[in-house]
Amino acid sequence: ETGVTQTPRHLVMGMTNKKSLKCEQHLGHNAMYWYKQSAKKPLELMFVYNFKEQTENNSVPSRFSPECPNSSHLFLHLHTLQPEDSALYLCASSPSHANGETQYFGPGTRLLVL
Amino acid sequence: TQLLEQSPQFLSIQEGENLTVYCNSSSVFSSLQWYRQEPGEGPVLLVTVVTGGEVKKLKRLTFQFGDARKDSSLHITAAQPGDTGLYLCAAFSNSGNTPLVFGKGTRLSVIA
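Respectively, the protein sequence lines represent chains A and B.
Numbering (the numbering used here) for the first sequence: 1 to 114.
Numbering (the numbering used here) for the second sequence: 1 to 112.
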């Protein structure tokens, strides 16, 4: 247990569906992250939130929409995804978004888009 | 773009063998981290190295940061099936609040 939980753990959705991924951290951290992990590619940073404010959007398509209502919760809203969006989506948190801060990862949501 | 190249990509060895995996880049990093990711889980931090030439040991795992802070190695002595997993290196650049950059990982399988 890393103190970061993600739900659901597995998700299958059609291209026209709308779904949301949820991440919650119990570590008192102020920065939260969404990463995408695909086969044969490095972890790709998608979004960064620091003190509930989005500080980075790494050229992510608008069909992915993040939401950070407070420092403990992070959502990723999904809409009209493509099959190539199938991947493991990892949430992480760190005390702050500063160089060198250790990030703690959740177990991920395995997403399959049909 | 800062790239971290990890080698080998895959490694399958017998229990009790020693192994070394590598993480290389042409960029200089302020610090470098190694993570292990097991199936169905997220990456878990093993170590952070900061100083060029630094060596850290974690039981049977030995981590080294290159003198120029551009590369790192992870050596496992007497590998066990429990060491099986994806080993990821990740690094922070020297400049400001830049994102953590990850390599593609080395997938290790230790056979009993």
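Keep in mind that the hints were calculated from the coordinates and are not lab data.
Ideal placement from N, C-alpha and C gives every residue a C-beta, glycine not left out.
Incorrect hints may have been included.
Claimed, not checked - When the alpha-carbon atoms are kept at most 25 Å apart in a straight line, the in silico SDA-like pairs for lysine to any residue are as follows:
#1 A:Lys40 x B:Leu11
#2 B:Lys104 x A:Phe51
#3 A:Lys41 x B:Val47
#4 A:Lys40 x B:Tyr22
#5 B:Lys56 x B:Leu3
#6 B:Lys56 x A:Met15
#7 A:Lys36 x B:Leu46
#8 A:Lys41 x B:Lys57
#9 B:Lys104 x A:Met46
#10 A:Lys41 x B:Lys59
#11 B:Lys104 x A:Arg9
#12 B:Lys104 x A:Glu1
#13 A:Lys41 x B:Lys70
#14 A:Lys36 x B:Lys56
Unchecked claim - The following label-pair restraints were derived from C-beta to C-beta distances:
#15 A:His10 x B:Val55: 37 to 43 Å
#16 A:Leu112 x B:Arg60: 23 to 29 Å
#17 B:Lys57 x A:Arg9: 29 to 35 Å
Said to hold, decoys possible - If you want the footprint, here are the derived chain B segments under chain A, 3+ residues with CB under 8 Å:
#18 36 to 46
#19 101 to 108
Subject >> 25 Å Cα cutoff - pair A:Lys41, B:Lys57 >> reply: violated (28 Å)
**OP:** Would you mind confirming whether the straight-line C-alpha gap from B:Lys56 to A:Met15 stays at or under 25 Å?
**Re:** violated (47 Å)
Original post:
For the pair supplied as a hint, B:Lys104 and A:Arg9, is the alpha-carbon distance within the 25 Å limit?
Top reply: Given pair B:Lys104, A:Arg9 holds - Cα atoms ~22 Å apart, limit 25 Å.
**OP:** With a cut-off of 25 Å on the C-alpha distance, tell me whether A:Lys41 and B:Lys59 pass.
**Re:** violated (30 Å)
Subject >> Pairwise hint evaluation, A:Met46 against B:Lys104, where the allowed Cα distance is 25 Å at most >> reply: Roughly 16 Å separates the two Cα atoms, so the pair holds.
Original post:
Does 29 to 35 Å hold as the CB distance between B:Lys57 and A:Arg9, or does it fail?
Top reply: Once the Cβ atoms are compared, 34 Å apart, the range 29 to 35 Å for A:Arg9 and B:Lys57 holds.
Original post:
Do the alpha carbons of B:Lys56 and B:Leu3 lie within 25 Å of each other, as the hint requires?
Top reply: holds (23 Å)
**OP:** Measure nothing beyond the straight line between the CA atoms of A:Lys40 and B:Leu11; if it is 25 Å or shorter, mark the hint as holding.
**Re:** holds (15 Å)
**OP:** Decide if the proposed pair is consistent with the structure: A:Lys41 and B:Val47, CA atoms, cutoff 25 Å inclusive.
**Re:** Holds, because 22 Å separates the two Cα atoms, which is no more than 25 Å.
Original post:
Within 25 Å, alpha carbon to alpha carbon, are B:Lys104 and A:Glu1?
Top reply: Holds - the C-alpha atoms of A:Glu1 and B:Lys104 are around 24 Å apart, at most 25 Å.
Subject >> Hint consistency between B:Lys104 and A:Phe51 [alpha-carbon to alpha-carbon, up to 25 Å] >> reply: Roughly 29 Å between the alpha carbons, so the hint for B:Lys104 and A:Phe51 is violated.
Original post:
Range hint 37 to 43 Å: satisfied by the CB atoms of A:His10 and B:Val55?
Top reply: holds (40 Å)
Hint check: violations occur at hints 2, 6, 8, 10, 14 and 16; the rest are consistent with the structure.
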